[in-house]
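Chemist: Here is how the chains run, residue by residue.
Protein chains: 4
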Amino acid sequence: MQPINVNMGKGRIEAFSDGVIAIIITIMVLEMKVPGHGHFQLVDLKDMWPVFISYVMSFVYVGIYWNNHHHMFHAVKSINGTVLWANLYLLFWLSVVPFVSAWMGENSFAAVWPVVMYGFVLLMNSIAYFILVKVLIKHEGKKSPLATAVGNDKKGKISTLLYVVGIACAWISTYLSFAFYVLVALMWLIPDRRIEKKLATDQSVN
Amino acid sequence: MQPINVNMGKGRIEAFSDGVIAIIITIMVLEMKVPGHGHFQLVDLKDMWPVFISYVMSFVYVGIYWNNHHHMFHAVKSINGTVLWANLYLLFWLSVVPFVSAWMGENSFAAVWPVVMYGFVLLMNSIAYFILVKVLIKHEGKKSPLATAVGNDKKGKISTLLYVVGIACAWISTYLSFAFYVLVALMWLIPDRRIEKKLATDQSVN
Amino acid sequence: MQPINVNMGKGRIEAFSDGVIAIIITIMVLEMKVPGHGHFQLVDLKDMWPVFISYVMSFVYVGIYWNNHHHMFHAVKSINGTVLWANLYLLFWLSVVPFVSAWMGENSFAAVWPVVMYGFVLLMNSIAYFILVKVLIKHEGKKSPLATAVGNDKKGKISTLLYVVGIACAWISTYLSFAFYVLVALMWLIPDRRIEKKLATDQSVN
Amino acid sequence: MQPINVNMGKGRIEAFSDGVIAIIITIMVLEMKVPGHGHFQLVDLKDMWPVFISYVMSFVYVGIYWNNHHHMFHAVKSINGTVLWANLYLLFWLSVVPFVSAWMGENSFAAVWPVVMYGFVLLMNSIAYFILVKVLIKHEGKKSPLATAVGNDKKGKISTLLYVVGIACAWISTYLSFAFYVLVALMWLIPDRRIEKKLATDQSVN
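Residue numbers (this note's numbering), protein chains in the order written: chain A, 1 to 206; chain L, 1 to 206; chain E, 1 to 206; chain V, 1 to 206.
Next up, chain A with everything else stripped away, as it sits in the complex:
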């Protein structure tokens, strides 16, 4: 398949991505089932603790992807058909997060497979994001602000590695896996400085 090089505005792909990510981040709260009628004690919320932690974690992860998506597209000038599909591929893996998040929470982070699958979906997301970056750079050109800002993408490569290590750890301790996932999240909580710095430099130069 040849990449199509017609330039299209980025407005609508941003709007659609915003919509999908907004829904993903919000429907996860539906997994927190309200304790039934007559269960109105604080202790009735106790069992929900892991589900809540899982929700917070996934909220932060989806939030990170939205923030980075925002920063990346801020540096993008136009898109093409291939970008549309690479973006949809990322949205697909993001849409699976609520499912694995609920499975992991429901089993209180103690069961191996839910924790493994959660890590697997995070891994697929990081790969999908990597593909999107590559497709965008191919479209924008190797000397575009985006390309120079991304550079060798060390942070992305470390994340992918940490996910793999985290998944492998699940057979030793699921809590150790979880610690790795938290570590990657913390690493990304800071918005992508590479792009910001590059843009800041451009602004101060001009």
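Because the hints were derived from the structure by calculation, they are not lab data. The structure displayed is predicted, hence computed values, not measured ones.
Where chains are identical, the list cannot tell them apart; a pair therefore holds if satisfied intra-copy or between any two copies.
Restricting the straight-line Cα-Cα distance to at most 25 Å, the calculated cross-link-like pairs of lysine-lysine (PhoX-like) are: (1) 10 with 77; (2) 33 with 46; (3) 138 with 154.
Chain A is fixed; fit chains L, E and V onto it per the hints.
Modeler: Okay, now just chains L, E and V, sitting in the frame of chain A:
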């Protein structure tokens, strides 16, 4: 009913369509019910396999419609009241996809009627899209970039035919039907080249 | 409470309304519960017929409101704080449509109270829309394009009357009530000509 | 963590917030479960009364946050990475409102803990909003229209105090707590005059 020819900007119809399609593509994941508490083995996901395949398929189909919708409206200059309704008619049939998708997945693609109904809804979507194209061309004019780009719409006509054949096959083998649906999806995975090419030509001329 | 007369752009109120209406129109499909595993015959869909009809009806109604909202705001130049709340009041009553729609469908249009409540919510929506129009005209001025286009709002007044008659009919025959609701929908399916015509005249004059 | 001072347009953060808030405000209606088949009397809705009241209350609260968010960002010129996260933090606490709202409604406002948790989530929202305001003012500058408009934020401080008092009252009477929550809502129903007035003054000066 006379078509109303007041020109309106296309911004809000795009935004509303983005919203509806974003929700449709995302709520389908809610059909993937998390295995209950205490079901934390990989084998517990095995029964979900058909539901997941069905989800992937429908995600791709709704994604195709969004991409083509995006491409088509990219070539559109303005809209009118009739376009609003033709667009809502398409959104209606897209909104039924999650329902038939879940029904088909829940019966593991083995039962005739769910597979037939899935094909029927795809067929109705292709007809609704066809109507939307016609209404847009009527509004934009037969010499508009959109009209020349769409041309005789061979791909659309082949799709409609393949859906009908696929539906009929369900009484022989539901997996054969499914193969036809996959075939049409593959055919459309490539964004609408007709419109892209036409626009590309226009851009290089100007 | 004094109306606040600071002018704000209409972009974000349109976007938020689009979002809410897109969600309302789409989550209604979730009321169509997939027949359980092992129910894969066409006959298994038979019981869903009233739910489907109810869905179509409500989809059309919410679609009408979106279309009219679109047309009306197309003629609006700016908004203020009072408009924000009048708009939220309309969105509130629209958000109740999925609930009464499901209740009516589940009881196959045969029970009095679900049909009455459905009509009541339609009535409240028409009143909320009426209030929004008044608030917008107060903000835009009595000689604004919007005001002259709306005129004496005969269609709106007839609708309100027909809802009341339709509700009252439920104690005679719920199907008669339903016929009235369909009648109003048909009346509105044609986008608001008053505003379109006025704008068309303005465009041809300029 | 150093705040990043690259200026980005506010369009996409507004669009994403609109999307999330639109979903939150709309999915709450899903908590109003339709009475089962064969329950079609008006009396069948009676038990839903507290759930409905809780829905109205939460709809108004989320509506207030959207309105104030709208007003505040109207006065904002650009954003940075820190603002993105402060905004996501607010959206997180807003996303928990449907959960506590359903819990409170299901127990008819009579149980202590659901009413306390509802107040707690409102309190966390008011704190998150306070943080967002601070972060925005730090970015925009102390002499920006936003900063002078917000002033000493008396209304925000009173709200926070009233939430705390309301929560404490739950051990005396949950209805008294509820009265406090209603009071704060009424206080905010009027859009943020400080910002509006400031902008109005600016407009009349220019």
